[in-house]
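Chains as they are written, first to last, in full-length UniProt numbering: chain A, 1 to 279; chain B, 1 to 279; chain C, 1 to 279; chain D, 1 to 279.
Mixed in with the good hints there might be a few duds.
Each pair may be met inside one copy or between any two copies, as identical chains are not told apart.
Computed list of lysine-lysine pairs in DSS-like fashion (alpha-carbon distance at most 25 Å, straight line) [stated by the list, open to error]:
#1 Lys276 - Lys162
#2 Lys54 - Lys162
#3 Lys276 - Lys205
#4 Lys276 - Lys54
#5 Lys274 - Lys162
#6 Lys205 - Lys54
#7 Lys205 - Lys274
#8 Lys205 - Lys162
#9 Lys54 - Lys274
Hints are computed from structural coordinates only; laboratory data are not their basis.
4 protein chains.
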Amino acid sequence: MAGEVRSCFAMTEPAVASSDATNIESRIHAHPQGGYVLEGRKWWTSGACDPRCKVAIFMGKTDPSAPAHRQQSMILVPMDTPGVTVVRPVTVFGYDDAPHGHAEVHFEGVRVPAEAVLLGEGRGFEIAQGRLGPGRLHHCMRAVGMAERAMEMTRERMATRKAFGSVLAGHGALLQQLAEMRIQVEGARLAVLNAAHQLDLHGNKVARPAIAIAKVVAPRAAQAVLDAAIQVHGGGGVSGDYVLAAFFAGARVLRLADGPDEVHLRDIGRMEMKGKARL
Amino acid sequence: MAGEVRSCFAMTEPAVASSDATNIESRIHAHPQGGYVLEGRKWWTSGACDPRCKVAIFMGKTDPSAPAHRQQSMILVPMDTPGVTVVRPVTVFGYDDAPHGHAEVHFEGVRVPAEAVLLGEGRGFEIAQGRLGPGRLHHCMRAVGMAERAMEMTRERMATRKAFGSVLAGHGALLQQLAEMRIQVEGARLAVLNAAHQLDLHGNKVARPAIAIAKVVAPRAAQAVLDAAIQVHGGGGVSGDYVLAAFFAGARVLRLADGPDEVHLRDIGRMEMKGKARL
Amino acid sequence: MAGEVRSCFAMTEPAVASSDATNIESRIHAHPQGGYVLEGRKWWTSGACDPRCKVAIFMGKTDPSAPAHRQQSMILVPMDTPGVTVVRPVTVFGYDDAPHGHAEVHFEGVRVPAEAVLLGEGRGFEIAQGRLGPGRLHHCMRAVGMAERAMEMTRERMATRKAFGSVLAGHGALLQQLAEMRIQVEGARLAVLNAAHQLDLHGNKVARPAIAIAKVVAPRAAQAVLDAAIQVHGGGGVSGDYVLAAFFAGARVLRLADGPDEVHLRDIGRMEMKGKARL
Amino acid sequence: MAGEVRSCFAMTEPAVASSDATNIESRIHAHPQGGYVLEGRKWWTSGACDPRCKVAIFMGKTDPSAPAHRQQSMILVPMDTPGVTVVRPVTVFGYDDAPHGHAEVHFEGVRVPAEAVLLGEGRGFEIAQGRLGPGRLHHCMRAVGMAERAMEMTRERMATRKAFGSVLAGHGALLQQLAEMRIQVEGARLAVLNAAHQLDLHGNKVARPAIAIAKVVAPRAAQAVLDAAIQVHGGGGVSGDYVLAAFFAGARVLRLADGPDEVHLRDIGRMEMKGKARL
Ligand SMILES: Cc1cc2nc3c(=O)[nH]c(=O)nc-3n(C[C@H](O)[C@H](O)[C@H](O)COP(=O)(O)OP(=O)(O)OC[C@H]3O[C@@H](n4cnc5c(N)ncnc54)[C@H](O)[C@@H]3O)c2cc1C
Ligand SMILES: Cc1cc2nc3c(=O)[nH]c(=O)nc-3n(C[C@H](O)[C@H](O)[C@H](O)COP(=O)(O)OP(=O)(O)OC[C@H]3O[C@@H](n4cnc5c(N)ncnc54)[C@H](O)[C@@H]3O)c2cc1C
Ligand SMILES: Cc1cc2nc3c(=O)[nH]c(=O)nc-3n(C[C@H](O)[C@H](O)[C@H](O)COP(=O)(O)OP(=O)(O)OC[C@H]3O[C@@H](n4cnc5c(N)ncnc54)[C@H](O)[C@@H]3O)c2cc1C
Ligand SMILES: Cc1cc2nc3c(=O)[nH]c(=O)nc-3n(C[C@H](O)[C@H](O)[C@H](O)COP(=O)(O)OP(=O)(O)OC[C@H]3O[C@@H](n4cnc5c(N)ncnc54)[C@H](O)[C@@H]3O)c2cc1C
Numbered sequence: 001m002a003g004e005v006r007s008c009f010a011m012t013e014p015a016v017a018s019s020d021a022t023n024i025e026s027r028i029h030a031h032p033q034g035g036y037v038l039e040g041r042k043w044w045t046s047g048a049c050d051p052r053c054k055v056a057i058f059m060g061k062t063d064p065s066a067p068a069h070r071q072q073s074m075i076l077v078p079m080d081t082p083g084v085t086v087v088r089p090v091t092v093f094g095y096d097d098a099p100h101g102h103a104e105v106h107f108e109g110v111r112v113p114a115e116a117v118l119l120g121e122g123r124g125f126e127i128a129q130g131r132l133g134p135g136r137l138h139h140c141m142r143a144v145g146m147a148e149r150a151m152e153m154t155r156e157r158m159a160t161r162k163a164f165g166s167v168l169a170g171h172g173a174l175l176q177q178l179a180e181m182r183i184q185v186e187g188a189r190l191a192v193l194n195a196a197h198q199l200d201l202h203g204n205k206v207a208r209p210a211i212a213i214a215k216v217v218a219p220r221a222a223q224a225v226l227d228a229a230i231q232v233h234g235g236g237g238v239s240g241d242y243v244l245a246a247f248f249a250g251a252r253v254l255r256l257a258d259g260p261d262e263v264h265l266r267d268i269g270r271m272e273m274k275g276k277a278r279l
Numbered sequence: 001m002a003g004e005v006r007s008c009f010a011m012t013e014p015a016v017a018s019s020d021a022t023n024i025e026s027r028i029h030a031h032p033q034g035g036y037v038l039e040g041r042k043w044w045t046s047g048a049c050d051p052r053c054k055v056a057i058f059m060g061k062t063d064p065s066a067p068a069h070r071q072q073s074m075i076l077v078p079m080d081t082p083g084v085t086v087v088r089p090v091t092v093f094g095y096d097d098a099p100h101g102h103a104e105v106h107f108e109g110v111r112v113p114a115e116a117v118l119l120g121e122g123r124g125f126e127i128a129q130g131r132l133g134p135g136r137l138h139h140c141m142r143a144v145g146m147a148e149r150a151m152e153m154t155r156e157r158m159a160t161r162k163a164f165g166s167v168l169a170g171h172g173a174l175l176q177q178l179a180e181m182r183i184q185v186e187g188a189r190l191a192v193l194n195a196a197h198q199l200d201l202h203g204n205k206v207a208r209p210a211i212a213i214a215k216v217v218a219p220r221a222a223q224a225v226l227d228a229a230i231q232v233h234g235g236g237g238v239s240g241d242y243v244l245a246a247f248f249a250g251a252r253v254l255r256l257a258d259g260p261d262e263v264h265l266r267d268i269g270r271m272e273m274k275g276k277a278r279l
Numbered sequence: 001m002a003g004e005v006r007s008c009f010a011m012t013e014p015a016v017a018s019s020d021a022t023n024i025e026s027r028i029h030a031h032p033q034g035g036y037v038l039e040g041r042k043w044w045t046s047g048a049c050d051p052r053c054k055v056a057i058f059m060g061k062t063d064p065s066a067p068a069h070r071q072q073s074m075i076l077v078p079m080d081t082p083g084v085t086v087v088r089p090v091t092v093f094g095y096d097d098a099p100h101g102h103a104e105v106h107f108e109g110v111r112v113p114a115e116a117v118l119l120g121e122g123r124g125f126e127i128a129q130g131r132l133g134p135g136r137l138h139h140c141m142r143a144v145g146m147a148e149r150a151m152e153m154t155r156e157r158m159a160t161r162k163a164f165g166s167v168l169a170g171h172g173a174l175l176q177q178l179a180e181m182r183i184q185v186e187g188a189r190l191a192v193l194n195a196a197h198q199l200d201l202h203g204n205k206v207a208r209p210a211i212a213i214a215k216v217v218a219p220r221a222a223q224a225v226l227d228a229a230i231q232v233h234g235g236g237g238v239s240g241d242y243v244l245a246a247f248f249a250g251a252r253v254l255r256l257a258d259g260p261d262e263v264h265l266r267d268i269g270r271m272e273m274k275g276k277a278r279l
Numbered sequence: 001m002a003g004e005v006r007s008c009f010a011m012t013e014p015a016v017a018s019s020d021a022t023n024i025e026s027r028i029h030a031h032p033q034g035g036y037v038l039e040g041r042k043w044w045t046s047g048a049c050d051p052r053c054k055v056a057i058f059m060g061k062t063d064p065s066a067p068a069h070r071q072q073s074m075i076l077v078p079m080d081t082p083g084v085t086v087v088r089p090v091t092v093f094g095y096d097d098a099p100h101g102h103a104e105v106h107f108e109g110v111r112v113p114a115e116a117v118l119l120g121e122g123r124g125f126e127i128a129q130g131r132l133g134p135g136r137l138h139h140c141m142r143a144v145g146m147a148e149r150a151m152e153m154t155r156e157r158m159a160t161r162k163a164f165g166s167v168l169a170g171h172g173a174l175l176q177q178l179a180e181m182r183i184q185v186e187g188a189r190l191a192v193l194n195a196a197h198q199l200d201l202h203g204n205k206v207a208r209p210a211i212a213i214a215k216v217v218a219p220r221a222a223q224a225v226l227d228a229a230i231q232v233h234g235g236g237g238v239s240g241d242y243v244l245a246a247f248f249a250g251a252r253v254l255r256l257a258d259g260p261d262e263v264h265l266r267d268i269g270r271m272e273m274k275g276k277a278r279l
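Just chain A, with the same shape it has in the complex (with noise of 0.2 Å):
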């Protein structure tokens, strides 16, 4: 495979607060002559605006009469097919990732064969949390990538740059801020790398609160640092001639996607109470 068929991932909804899978309120009925009719509005479906783009896993509920975690199913929908509609690519600050983009989706009495359910009816959620662990880490890893380039960037600018007779760099609190943000560059890469050693050895389940910690941890130092070597370039940083805001709203993205940090903050808490408190 040469890249040249790429899928994309449809579960959020503008209309109810995805970040709580259970709330997905896309129906994916039976069709009296057998497969699926889908139906429902989504948005952020990255991807999908890539003429690559062939094929969208579709979150919906096969069963709203099931217990709150059984109810969604998982399903594969060729993006040609009938009724599957793009709309348009919604924007991340001011930016459209063209050619990748996110994508509102519209699907509208869209047939699919029965095959095309993965793992099984009612199996949405499970398959949703299971593919976040690593996922989770990746984007973590790109956030650690993203800091560590806003630093090299801020160091170049420091040696050169010269304002108020001195380079930046001999100006004691830009220099401390520097350190500050190694600080946190660091703690990023310490808790990535200790969630990914403790996946690697110990599995999901073990991982759980590194993971947690870690998807907090990471997009947070970043924002924090590009936010600060933004500052660091003046104007040019807000700019599109340097990287730095665009790697900025892309951090802060990842604040949100894959779990927004509250609800890691709520997990990590809840694993903290474990065997104390019932909550």
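Following the hints, position chains B, C and D with the ligands against chain A.
Positioned in the frame of chain A, the structure of chains B, C and D with the ligands alone reads:
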């Protein structure tokens, strides 16, 4: 005047740290046949992309051998003078802020008459200082306004969006965060009111510490409040469907424009030490 | 009155979370021969160690079967009544705050006459609420005063102490921090002035959000400023040779006394959501 | 050795900024009849109050005309040498840390033999630097230990204390804060492990940035976690009935002892800029 004619202010240059106005390198040469010739490359000339913008205030050195604060002059330049080129709009977090825009503008062999100099040669720095007090407070008020609007949207969202078993307002952590947001907005509002009050009563000089404080506090509060409001809005928060991401970019910029935070903090620190230590 | 007779206020109990006044478990029983009998263990009864303290205001339940906010009453008890025992001073960090002190006080079979009840049975909670507005602002003013004193000491220190090649004020990072300290003190000062102003003009009810904000902002600012001042004073800062460590303890306590921060933040959040959501 | 004989380290002086070791002003004069005479006023000589403390390591100038880093020497002084006076214990947030204690110690005309000099004249600064790596990590480990203990107490408290309708763990804001505390402790733990690992593997020099980072991160995290734990414990938190207030004082001190934060941040910043700018 019905707002049909607009001006722009061309001080900042990509090549030098322009937060230190003494760095500005553009030149205003005397022309052998009278008047001046301007040479320089500017960017972040806000409004220069707008077709209604007819005149620029250009800052440059008339006398590089004068003491640092007497080298610069400001001079009026009609935008249609030969040699003035609006090269491109510079973006802010992906936004081009059209039609207004922030332009890169080149001035090459631009001739202007002698009368175009504002106040007289060598007074550019002085003018730059003088106009900043009221201008800064104006920016701060916009920051407070954006933050207040974000509060309104956040309240609305928290009252209606449901996740993990209740409306968002029912989650204690979010309610506490809403309180922190209110505290920030009030802090910004009081800082700006106090500075405006002192400016009215006692003028620019006495009000200087209060203005510098407001200039740090208000954009910072606005950025923090907008960041939190974005988070509460989930994916929607970073998108173009709500005004929050664009406001965030606007607030972020205020921590740089009209003096980066660090420059104001340095001023506040020096005023604090006045009479105690020579800095 | 020359300050020779003092009173103390005995509400808080070690056994229950006393930030929620409805939790108070001490009992005020009717005595068959008239008057009341008090039973309860209190602590943090400030001033009870002082020999000039002659009377306590005791809070306890007169009617545990009443609605939550009508169960408590306040009652006056002379300190020399049989059954009142000042057990020990409770320390704050390592300070005993003598002669004033914060006492653990036991009340065992303490008889007081019927007239000793303040305002009437069942009004304890109401009195507790009512006295807090002005009392809280008084604490906040002390917080601002302590912070301002710390500024003065810090300026002095920064002007005279030399390290790494210059007086401390010559280190840009410290000068910037001094500015941050000033920003905090000004924020606290304005929050308190604003609350006092609203209290004067519009009374307790309208001023409630402003008072709650001041009660969070001022102790927090004082703690941050004192912490920074301590740091600038090096080892001296934590010692008894400067007033900073004792002030720090005093400011830290204000984040708990008269309502912990969290309780005020919850109130501010709820007021913010008023009319929008039922909480 | 059963710990019956103890030593103390007398470097810091009240009169000069001792975080910059080159400032130390005590003198070590050669005596005409051989050996040395010590003159100086020290404070924060930890352990000097303990009767088991039999010997001090004294730092002072042997040669004020040498280059800055070669002026100082370290020398051993039995505590019962004539001229050595333990003046008083210096307190830490009201604690005297008895029996151990932190003493002010005066050295007046104290004679010691020539062999008492450690390593040789002029090597005091060098010894001070060398001993700090492992010593610093030891302090950091204590910081992590204190923080971990505070977590345990906080969990216990949150599981049992009831306020405003539920156990504290049921309040989302506190649960989220507990997560933030865990994040801090993990960050500190990983920073310390990483520094220790690098110290083991590559020695003092390579490990220097990691040690400096750990020395900033761990005490700071411990202070933040202890502050939060105190808050959750209400009035009890600041009292002597729990260990938290004393631990807080201990953690706060670590941000000063063995190099104030600012000095480490400056080092980290300079290492970051190494090869890029001359600072
Ligand atoms: C650039 C980008 C790319 C994305 N890509 C994809 C994709 O490819 N496919 C896809 O399906 N989705 C994608 N998403 C969507 C993303 O996963 C969701 O935005 C995210 O899950 C949050 O859902 P929401 O936007 O509905 O926010 P909501 O669920 O409405 O949450 C909003 C906020 O409520 C608060 N909150 C929620 N629960 C709690 C709680 N228990 N306690 C306290 N506070 C709480 C948080 O502050 C949260 O941020 C993408 C998003 C972005 C921005
Ligand atoms: C949206 C936008 C609109 C603008 N509009 C205009 C306009 O209309 N006209 C115009 O002329 N300009 C405009 N500007 C430019 C703006 O005023 C400058 O960007 C600003 O003055 C900073 O200058 P600089 O970008 O050259 O940054 P630099 O001067 O290079 O400063 C970069 C950074 O160095 C650090 N620094 C500088 N000095 C110190 C110090 N003493 N101590 C510690 N740190 C320090 C700070 O972190 C600072 O942010 C605009 C900028 C933006 C982003
Ligand atoms: C120096 C000092 C002097 C004092 N003087 C007096 C005095 O003179 N008379 C007197 O009666 N009392 C006095 N007090 C007691 C003081 O008023 C109480 O300590 C305070 O009300 C908190 O009660 P508590 O200690 O029982 O803490 P708790 O009620 O157990 O609260 C502990 C913590 O729980 C958390 N919490 C509680 N509710 C919530 C919520 N809804 N959401 C989130 N978190 C929450 C907070 O973190 C809070 O700090 C004094 C205290 C001190 C330290
Ligand atoms: C409990 C305790 C135990 C101790 N035990 C011992 C002991 O056993 N033996 C011993 O010799 N000493 C001991 N010390 C002393 C300790 O090492 C010193 O307090 C510390 O080195 C700071 O020195 P100083 O107090 O003179 O502060 P100063 O050197 O005066 O520094 C004060 C502040 O100045 C600022 N500062 C300094 N340099 C810079 C810079 N370059 N940039 C920005 N800011 C800067 C920092 O904020 C710093 O905190 C102990 C201290 C305490 C509190």
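Against the structure, the hints come out as follows:
For a Cα distance limit of 25 Å, the shortest separation of Lys276 from Lys162 across copies, 14 Å, qualifies, whereas the shortest one inside one copy, 56 Å, does not. Neither within a single protomer nor between protomers do Lys54 and Lys162 lie at most 25 Å apart by alpha-carbon distance, with minima of 51 Å and 33 Å respectively. Taking CA atoms no more than 25 Å apart as the test, Lys276 paired with Lys205 passes inside one copy only; the shortest distance there is 19 Å, against 40 Å between copies. Within a single copy, Lys276 and Lys54 get their C-alpha atoms no closer than 48 Å, and across copies no closer than 44 Å, so neither meets the 25 Å cut-off.
In this homomeric assembly, Lys274 and Lys162 come within 25 Å of each other (Cα to Cα) only across copies, at 18 Å, whereas the closest approach inside a single copy is 54 Å. In this assembly of identical chains, the alpha carbons of Lys205 and Lys54 never lie at most 25 Å apart, being 33 Å within a copy and 54 Å across copies at closest. Taking the shortest alpha-carbon separations for Lys205 and Lys274, only the intra-copy value of 14 Å comes in at or below 25 Å, while the best inter-copy value is 41 Å. Taking identical chains as interchangeable, the C-alpha atoms of Lys205 and Lys162 are never at most 25 Å apart, the minima being 51 Å within one chain and 28 Å between chains.
Taking the closest pair of Cα atoms, Lys54 and Lys274 never come within 25 Å of each other, the shortest separation being 43 Å inside a single copy and 48 Å across copies.
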